[in-house]
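Participant: Sequence:
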Amino acid sequence: MNVSPVPEYTFTMHILMVTVAGLVLLAIMHFGPTLIGQSFDGAKIFIWVWLVLSIANGLYGHFRAGIPLINEIGALIPIFGIPALAAWYLMRRGA
2 MNVSPVPEYT FTMHILMVTV AGLVLLAIMH FGPTLIGQSF DGAKIFIWVW LVLSIANGLY
62 GHFRAGIPLI NEIGALIPIF GIPALAAWYL MRRGA
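Residues in the sequence shown are numbered consecutively from 2, following this note's numbering.
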């Protein structure tokens, strides 16, 4: 019995789409400054921006879409974690 108001496949697809959006935003923030002749580390800024956006996504899902809080916390882990890990790698690599 599925007690979630959203079908499971929709929830999984949403996690994938938001995670990919985070990776695209990371690419823009990391490589963008170099393309326009600036020299600052966009990956450091990205982590804070992505944290705020990820939490806002979870709050919206809980309060507006009616998704249980435990599901939103579980979704926050890959949604924030995968792009943040990629940003951390880019910062450590120094690229």
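Quick caveat, the hints were computed from the structure, so don't treat them as lab data. Errors might be hidden in some of the hints.
Lysine to any residue pairs mimicking SDA-like chemistry, simulated, CA-CA at most 25 angstroms apart [claimed, not checked]:
#1 K45 with L91
#2 K45 with G82
#3 K45 with L26
#4 K45 with I74
#5 K45 with I71
#6 K45 with R65
#7 K45 with V21
If you're wondering where the values come from, they're calculated on a predicted model, not measured in any experiment.
Participant: Decide, hint by hint, whether the structure agrees.
Facilitator: Right, here's what the structure says about each hint:
{"no.": "1", "hint": "K45 with L91", "result": "9 angstroms, holds"}
{"no.": "2", "hint": "K45 with G82", "result": "14 angstroms, holds"}
{"no.": "3", "hint": "K45 with L26", "result": "13 angstroms, holds"}
{"no.": "4", "hint": "K45 with I74", "result": "23 angstroms, holds"}
{"no.": "5", "hint": "K45 with I71", "result": "28 angstroms, violated"}
{"no.": "6", "hint": "K45 with R65", "result": "30 angstroms, violated"}
{"no.": "7", "hint": "K45 with V21", "result": "18 angstroms, holds"}
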